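Chemist: Sequence:
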Amino acid sequence: MFVYYMNVPLNKIGIEEFEGYDEEMSNVKTFELTQEEYDILRQPKGLFQEFDERFGTIIDVCEEERIVNENLKEALQSANKMLNKQKNDIAEKAIKKVIDSLECAIQAGTFWEIDIYLE
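Just so we're aligned: 81 in the working numbering is position 81 of the sequence shown, and the numbers increase by one with no gaps anywhere.
Just so you know, the hints here were simulated from the structure itself, not pulled from any lab data. Don't take each hint at face value.
[Stated by the list, open to error] List time: in silico DSS-like cross-link candidates among lysine-lysine, alpha-carbon distance up to 30 Å: (1) 29 - 81; (2) 85 - 96; (3) 81 - 93.
A quick note: this is a predicted structure, and the numbers were derived from the prediction, not measured.
Work out the full structure, taking the sequences as your base and the hints as a guide.
Modeler: This is the structure:
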């Protein structure tokens with residue numbers, strides 16, 4: 001089973017915990033997507049395709065991709081625009097999770113990273 005985690009270090013210690021793969025990351029906030037939510041975000045012309053095109057990421061299974069601090073506001077704008085176009089409840093819920101995680105990263109002044117791996 002794949003897991004879909006969006007991680008945000010909350011401070012400098014969180015960055016160290018995250019990059020050191022600490023067992024307990026008390027200074028990292030994790031947002032989890034379901035398989036269904038991920039699939040909707042990953043579909044053609046979906047939010048993750050837009051992130052890939054704008055930020056040079058490859059958001060896909062078995063990948064770790066990061067949006068750096070300088071690009072967080074642009075990513076948030078993209079997510080908000082995508083949210084306004086949604087008519088699907090699952091897509092709306094998924095995009096709101098991404099928005100929450102991006103806002104958290106902006107407030108923390110760190111970065112946003114998505115990790116997708118087989119658990």
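Chemist: Does each hint fit the structure? Answer for all of them.
Modeler: Now the hints, each set against the structure:
| no. | hint | verdict |
| --- | --- | --- |
| 1 | 29 - 81 | 24 Å, holds |
| 2 | 85 - 96 | 13 Å, holds |
| 3 | 81 - 93 | 14 Å, holds |
When the structure is compared with the earlier hints, no violation turns up for any of them.
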